[in-house]
Amino acid sequence: MRILGGWIALTPELDVKLLLGRHVWDCAQHADLWGRRLPELRAPAQESEPASDRVVRVLDVLERFEGRDQSVERVTAVYRVLKPHLATVYRRHLAVANPVYEPPTRRILERCIEEEWRHASAGAAVLARHLAGAGMAERAEACERRVLAALAEARGVTGDVEEPLVDATASAPDPAAVAQDLVEVPPPFDPGVAPADLGERLRAHVAALARGDLEAAERHVLPEARTAVRQEYARLQGPWTQAAVAGVARIGRYRVTRLRLDGAGQAVVQERWVPGDDGWMIAAAEVARLQPGG
Amino acid sequence: MDRPIAYDKLAREDRFIRMRARDIAALKVEQGLPPFPDLADRDAIRDRVHGILVGELQAMEGAGRTVYDFPDAPWEFTLDMARQVWDESRHVETYLGLLEHLGGYVGEFPESTILWRCACAEDAAARVAGVNRGLEGLACDVFNQLVHIARKIGDPIIERSVDYVLADEITHVRMGSRWLNELTRGDPERRRRAIEFQETIDERFNLNGTRLDGAHEAVPISIAHEARKLAGFTDEEIARLVKSTQRSQVY
Ligand SMILES: [Fe+2]
Ligand SMILES: [Fe+2]
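Chains as they are written, first to last, in this note's numbering: chain Z, 1 to 294; chain F, 295 to 545.
If you are wondering where the hints come from, they were derived from the structure by calculation, not from laboratory data. Check before you lean on any hint, since a few could be wrong.
Pairs of lysine to aspartate or glutamate, EDC-like flavour, derived with a Cα cap of 16 Å [stated by the list, open to error]: (1) F:Lys-523 to F:Asp-507; (2) F:Lys-537 to F:Glu-497; (3) F:Lys-446 to F:Asp-462; (4) F:Lys-446 to F:Asp-332; (5) F:Lys-322 to F:Asp-308; (6) F:Lys-303 to Z:Glu-66; (7) F:Lys-303 to Z:Asp-69; (8) F:Lys-537 to F:Glu-493; (9) F:Lys-303 to Z:Glu-13.
So that you can see chain F by itself, here it is in the shape it has in the complex (with noise of 0.2 Å):
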């Protein structure tokens, strides 16, 4: 088996369909809807939880890669990553639920692979903080709006398990913070880099004026500030994502 795999190699049953994120968004504005399922109705809500299932099955194979990817990486390192394969497994069991709750099918809306392109990265200290600070953070900033938004709507069975699976998604944030701290100790060029790629991926994610500081009800995703802090992000590294928020970005 390769160290790392290429990207391509993603293996997926036929009834997933796979696209461009950017063809995907491309292809909803052409239509006049928004590029990213907001959370307006219950059909908005079935595209983005199925959204969130394809990601947390992307989060089981690149932690489960991370565990193959690394054998020399520290003991504890590979521990903390398994223990998020097994997380993921359960998020992605609670998303096919929630999904199936909703009326929805798997493979009814398509699946980019952006989320699983980052957890390609060669370096394990840049995987940690793309993946368990840049994506498990903005997972952190979806499953607080979809909880606050469930809640608004009175279901309870997507809050209580959205909030279950939030509380994972922090220690996962935590973990990243640690192994981003331990992994590059004494090696400030490598934790330069490290950032550089979680802040790429921040960027990325804020997907074109999607992201932003605001209302849950007011944005399409708002951003976590108690939850994040909760995971680990200091107040300078909040203040500066938001900041990141307000320039125009692309996807």
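Just chain Z, same shape as in the assembly (with noise of 0.2 Å):
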């Protein structure tokens, strides 16, 4: 509960954030439900304890997941292992759990498996979207691999659970309990939101930007402004291989936009376009985001 809140505002995707947003005032309740029953069965309540340092090291490597460019790894340790494997330990206690004397506990865990699952096809439903990507599926599977060799390390959360650590044998949830879970995020940015006289210049200067022709993209900026903007555009290390408009918003009759440049690192430039007799001109410009070539 308390890494899903954390990440939230690492997280940038919005169907990703939201995911996170909607999961963890459940979790509080699950942690709550439990911190309650404990003081029933002569324990302090609202008390926990990690079961091992192993188990400490099972979430050190989940909080490690933190990067801008990691929400696949968070999704996937979260969704794909951790809860799995929590629906998976509830599950077994279920079955064991004595249905004339602990109905209470017996209870608490029919909630928890049913909305772990929930969690976790709902979980599965975003991350299908973000692994069409070059490496993305391995990456997943790469950390669904380093979780549960952690976890099976630690065996598991209650350090005493057998093999194997996510029973897979589980029914899958009703879907629409799981749509609740999903909030429809708004399509992929249309460039074609700009005015068409400025979408025409656009794509000329977003082509001059990615072949590394400082000179034509600077013919766009206003000559006042070239001296400061030249300095930004110095900051570019290419060569880039794409290049998009990704972001165009309004202040008035300005427009600020949004490039993003793609080649072994990733660039994005922040460009405020004015209207004027020359058509629309770069007033400032500065880079956003730098990220070097690995």
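Please assemble the complex out of the two chains, which come individually in their own frames, going by the hints.
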């Protein structure tokens, strides 16, 4: 629950962000139910401790997936491994929980099992959207192996779980129930929202930046802004293999664009365009993000 | 993961254009536009709704950070913050729908991150005072006015959905009041600092005379007296806020 909450701000993709946002409260309620059950079983309320240092290490592995570009790892670790593992442990506990003495525990288990599987299904649906890129599926598999290995070393969250740690034979939850966890996110950005004449100039500008022709790119800059813009452009380390308009916002008659350049690394340039006698011209530019190639 | 994280770590898809609030306002003024979108026409309402959408996103992110950043805080505090994360995620969904309803798109207007910066306060008491009482109090003002304007222009979709969100925000302000009291019990100095932080936020979000005590149609952001009372603000606190809007502010 805490890790999910902490990750929301660090996750750029809207659908992943909202997936995490949807589940923090469910997870908190699960923890609360267990915490309140504890004193009924003669243990202190709302006090938890890890089964071992190795269990702590599992969570350390998870917490390290905090990079901007690690959403695939975040979703994989929690939704493909941790939640299915929790559901597995809960189900085995339910199978041996005495129906006469332990209905209070059984009810919590039943609720948690149902919700963990529902979360896992929602996570799988969101993850599927992000696995299309080159090497993504492999990254997810590597992450899954890594988290499972850490869990195996700890012998599961309780320190005494028998293999398999994730029992995949569970029945899939009702798609209608899963739907409540999935926020319909808007379609990808459409560069067609820019005014037609700006769109035309943007295409030429992006192409010039992409091929590293800064002289041509500077022709789209207002003379009084050229020195400052040139300094920003100097930070761009190509070569670039792909370039695209990633966003266009309006401030009155002005437009602010975000251009993304991809090569070995990545750069994002934010530019403010103003309309004038010479058509749309750049009044300010800044490199908003630079990721060196590796 | 750091506790708390640096404010510039806030992650966004590239369709969002991030800018400083004062730069956005200056560029508007330069074109003869009001610095903050009024509710004069559908275009301005769309700009306002987009601003609320990114505010809801930042509120969700901020509450999520509060769940993570304070492992030693009372459990019920964490529980309230976790609930707020869920509420804000539904608000994001609502405002995504309203933006579409108004013919807009995500990223159509720049995003400023003053809200998020306030959510990065290091002390939990300051965070709930600033975010839950300061910013969610502002949300009560803005939403209450939007409900009123939507009713007036005959848009039941905006009217009804914002009214539901307003109910949640009132609850969030109440949470803020409760935890401001409980977290600072027996520590008047911590309480004083938290309230001071809230007051700087209140001042800042008076937005250079944008928030004023007046009729919904007459002022850019009106103060929601009734909603604020429901949320647990005292008459004295509301009077103090009204007074603060009468001073000249900078943003
Ligand atoms: Fe909200
Ligand atoms: Fe809220």
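Status of the hints after comparison with the structure:
1. F:Lys-523 to F:Asp-507: holds, 15 Å
2. F:Lys-537 to F:Glu-497: Status holds; Cα separation ~10 Å.
3. F:Lys-446 to F:Asp-462: violated, 23 Å
4. F:Lys-446 to F:Asp-332: holds, 15 Å
5. F:Lys-322 to F:Asp-308: Violated, at roughly 23 Å.
6. F:Lys-303 to Z:Glu-66: holds, 10 Å
7. F:Lys-303 to Z:Asp-69: holds, 12 Å
8. F:Lys-537 to F:Glu-493: Holds, at about 12 Å.
9. F:Lys-303 to Z:Glu-13: Holds: Lys-303 (chain F) and Glu-13 (chain Z) sit about 14 Å apart, inside 16 Å.
The structure fails hints 3, 5 (numbered hints given earlier, in ascending order).
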